[in-house]
Amino acid sequence: MTSIADQPPKPVVDDRRWSAERVLVHVILLAFVVLALGPIFVVIINSLKTTPAIFGGPFALPTAETFSLDGYVRVFTRGNFIANYSNSLIVTVSAVALTVVFSTLAAYALVEYRLTALVPILTGLFLIGVMLPIRLGTIPIIKIMVAWGIMDTLLALILVYTAMSIPLAVTLMMTYFRTVPTELKEAARMDGANEWQTFLIALPLVRPGLAAVATVTMLPIWNDLWFPLILAPGKANQTVTLGVQQFVGQFLNDYPALLAALTLGAVPLVLLFTVFSRQFISGLSQGYSK
Amino acid sequence: MTRPATARWSLLLFVLPALAVYVMFAVAPLVSSVVMSFFNTDRTLGSVFVGFENYIYLFTEPVVSARFWNALVNNIKYFAIHVLVEVPIGLLMAALLTSGALRRSEGVYRTILFIPATLSVVIVGFIWRLIINPLWGVVGFPLLGNQMTALPTISLMGVWQYVGIPMIFLYSALLAVPNDLVEASRLDGASPWRTFWDIKFPLIVPQFGLIVILTFIWTFNGFDLVFALNGSAPGPNYSTDILGTYFYRTFFGSSGQVADLDLGATVATVIFTIMLLVTALYFWLVQRRLRAHTV
Amino acid sequence: MRRISTGVTTGALVLGVSLAAMTSAVTAQSVTLTLGSWRTEDLAVWQDQVLPAFEAAHPDINVEFAPINTNEYNAAIQSQIEGGTGPDLITCRPFDVNNEWIGRGYFSELDGLAGMANFTDTAKAAWTFEGHAYCVPVAAVLAGFYYNVDIFNELGLTPPTTTAEFIAVLQAIQDSGKYTPLAMGSAESWQLAYNGLYSVGPAYWKGEEGRLGLIDGTKKLTDPEFVEAFKSFAAWRPFLPPGQEALAYPDMTQLFTLGRAAILPDGSWNINQVTSTGLNVGVFGPPAVEAGGQRYLQEMPDMAIGINAASPNQEAARTFLDWVAGPEFQQIYVNTAPGFFAMSNQAVTYDNALAQSFADLKTGASLTPRLALDRLSAGTPPLDDEIWRLLQLMMTTDTTAEQATQELQAGLESWYGPQKGN
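Protein chains in written order, with the working numbering: chain A, 46 to 335; chain B, 3 to 297; chain C, -16 to 405.
One or more of the hints may lead you astray.
Derived contacts from chain C toward chain A, CB cut-off under 7 Å, selection only [unchecked claim]: (1) Glu24; (2) Val28; (3) Ala59; (4) Glu65; (5) Gly66; (6) Thr68; (7) Gln256; (8) Thr258; (9) Thr260; (10) Asn263; (11) Glu298.
Computed footprint of chain B on chain A; a stretch qualifies when at least three of its residues, placed anywhere within it, have a C-beta under 8 Å from a C-beta of chain B [unchecked claim]: (12) 66 to 76; (13) 108 to 121; (14) 128 to 137; (15) 256 to 265.
Label-pair distances were calculated between CB atoms; the ranges are [stated by the list, open to error]: (16) Asp200(B) to Thr108(A): 47 to 57 Å; (17) Phe112(C) to Thr108(A): 55 to 65 Å; (18) Asp199(C) to Ala68(B): 26 to 36 Å; (19) Leu69(A) to Glu47(C): 37 to 47 Å; (20) Phe112(A) to Asp334(C): 51 to 61 Å; (21) Phe285(B) to Leu229(A): 20 to 30 Å; (22) Asp44(B) to Ala108(C): 23 to 33 Å; (23) Glu47(C) to Glu55(B): 18 to 28 Å.
I should point out that these hints are in silico values taken from the structure, not numbers from a laboratory.
Think of the CB as a built atom: it goes at the ideal place given N, C-alpha and C, for glycine as much as any other residue.
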């Protein structure tokens, strides 16, 4: 670990001087920010309006006449929003954690022991998984869950999502482990570290990879509608995406409630992302180089 | 170097948890589905092995094959728009974030620009449909109702949502670029533009290549956004039909179309084969060369 | 290495605990049935009205209404049943899709069920396979035209009864310059067929005569009566709102409820929504071809309930369906979900005035279901999907009625036995 702390600090930009270059960077990024947040802002203001007002003037702010919290009220009275929330959180956090742990171990080994004959086959097997349309396996997956007696449980979802995320996670982590200098690991082994301890020494160097993997894994899991519908449709196990669906009818949508539910449903992921990216990426500013 | 025997055991122990979960809940179910594509399930006869009959049907039945090729061509366009718009913008964002011109605001920008990627397609579909709606929105032209503009419009909605992904990938790659190299270039009087293209970019080319091929895989597995906007028979006149919706319609049926599990499995196998070939080709031809170049 | 093995042990432990938690849950006395449905918006209807009435009479049977989003319904039910699970009670789609499901053995046969006597063969037809009944009919829907009574009064218009009058009314609204004549868009092609062609078309192809003619192969889509029907629908195009190519179903409903369009071609299922803003709404049926000519009305068997053959609760499920077939259920359902009409031969009254006006349209009209869902959509390309697609082309490009019907006929002939070699 000591070898990392010794790295030179990141060059400091003089933040008192507003050069033309800095202004330009801010202007471009602010333009992107407006593009990214504008539509989201429209969702939020419309979640606070009545249905006729949503369509009558979608970009108007709610007025005294059109303001309505009914959507939010219905989300909390009609649905099981709190339960849905905690189900989604349990599933997402567990699956992401399992994915990150399992795939980091696997990726380290596939890079570290690359001379072993099995490695190309295993690497290829994981790589193929990145391309698999997992929906195709729906029916056999149901059969497995029924056989294991875990149909309609959160565990079924966690297992499928972990399996679904591992291939990409392993493939990504391998690219990060390749950047870890061999000398570092060899030095550790010289000092008498076993394979596990060597792994732990290499681990801090792939932190940005962990962030990327956690982020990319988390998104499709949180927003997935298909497997909750199929594997855990029972009331007690419904996730947020499934809870939101009750406001989407065959013909009749409850727009204020739908937009309210979608707004609330998006919050945890934004928070999770903020946490993940802080946790992993900010560690880099101490300085990290090859 | 570790001794071969130790290496073998360590390898197995490290890989085992990932491999077990992956094989049990992804590989095995998918393999048994692929097997279905060689069978014909009939309500009276049960499952009968038919060899490549489903494949022959897929490529010779006029309507079925025409729709397949249409979906494939659309999917190529869908990918092209993503790669030409999403990846460069993501790179620009990542470059600006790591340009050294930002301090405390770096994390704020990074988080905000990523937010659209965290949204569900239900929001994305709803809000963009509203914004570009000829009645209520800001665009008078029926973008989604025209065969020429519908697919590019949906693609750009996808770009809006997912641009944060290439951004975060390339951002984390750029962070790993050694500072001493950048400093040296700066001291040589190189402009930030030159520093980026001469020093930083060559070092992240492998990750850039990776995000391109991942974009290929994601767009060829694409489904959710098109389905959320246009359902399982996406119009007008199937102009927004991509392989994912084509597969869904075949495998699960639509309101007016009866599901065909065997043919659906065949379609999925073909899609998978296409992706496998392209990806393999990419890795053999491009990615290896990239790595050789930078190391 | 030790840490990895503890990780694996913990994993196994978590797995074991959850397995144990699962098995302890199923030891209650009464039976709980789940009812799968695509009617998400009926959640309150079932939870607050229908199921309490049933459970009051049958305290030993609980029923849980478990709706699935319409778009995913078929896929979800199929996957669950193929995988060996699925709800005890399944809501049945009409005709071809359901026939496929029956053929695959998804449903238990209902022949001996006493309540089935309350339905005529016509009412049961959409869910009868090889002579056996598999689902208890729940509701049919009608389609017609909602109109804004205030706009009609303001412009001095009366509901049209013939095609010529209908076009004249549309023209008068157009000329007023204040309102969009027809609230309709082409983005969702299904509703061009269900709310458009299948409403005005039967007057030309003479309802059942034309539909059954296509089924037995004696008529073709290129016959003049079908081409005329397509033309009559295409005549709506000048009266649609600007940008209609990209307007979806919710857009047209909102355009009407905001009072900006005079007429909404739509199904009875949308009654709640069109009246939600307190608009003064009336309804008229599809016009006859000529004055004094026969009127036709689309009556579509929409919904029925069957029993999952793999359900362990067959007896309780039959008890429930017997109740669904009876008058108590029909009366509650049609009045809590206005716009859905009872299919049994027992008398039912409608509390909702607009639902009653819709029901009144049946008087003197010849009833016919949607053109292409029975047998004609059981192959590739399915006629119903193709009609959606070609109507969309007719309303958004320069495709003509002649071209559309020719393409449809060619598609049908390519696989449908009775139409081959014509």
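Taking the hints in turn, this is what the structure says about them:
no., hint, in the structure
1, Glu24, "holds, 3 Å"
2, Val28, "violated, 12 Å"
3, Ala59, "holds, 5 Å"
4, Glu65, "holds, 5 Å"
5, Gly66, "holds, 3 Å"
6, Thr68, "holds, 6 Å"
7, Gln256, "holds, 5 Å"
8, Thr258, "violated, 12 Å"
9, Thr260, "holds, 6 Å"
10, Asn263, "violated, 16 Å"
11, Glu298, "violated, 23 Å"
12, 66 to 76, "holds (count 6)"
13, 108 to 121, "violated (count 0)"
14, 128 to 137, "violated (count 0)"
15, 256 to 265, "holds (count 5)"
16, Asp200(B) to Thr108(A): 47 to 57 Å, "holds, 55 Å"
17, Phe112(C) to Thr108(A): 55 to 65 Å, "holds, 56 Å"
18, Asp199(C) to Ala68(B): 26 to 36 Å, "holds, 29 Å"
19, Leu69(A) to Glu47(C): 37 to 47 Å, "violated, 60 Å"
20, Phe112(A) to Asp334(C): 51 to 61 Å, "violated, 33 Å"
21, Phe285(B) to Leu229(A): 20 to 30 Å, "holds, 27 Å"
22, Asp44(B) to Ala108(C): 23 to 33 Å, "holds, 25 Å"
23, Glu47(C) to Glu55(B): 18 to 28 Å, "violated, 43 Å"
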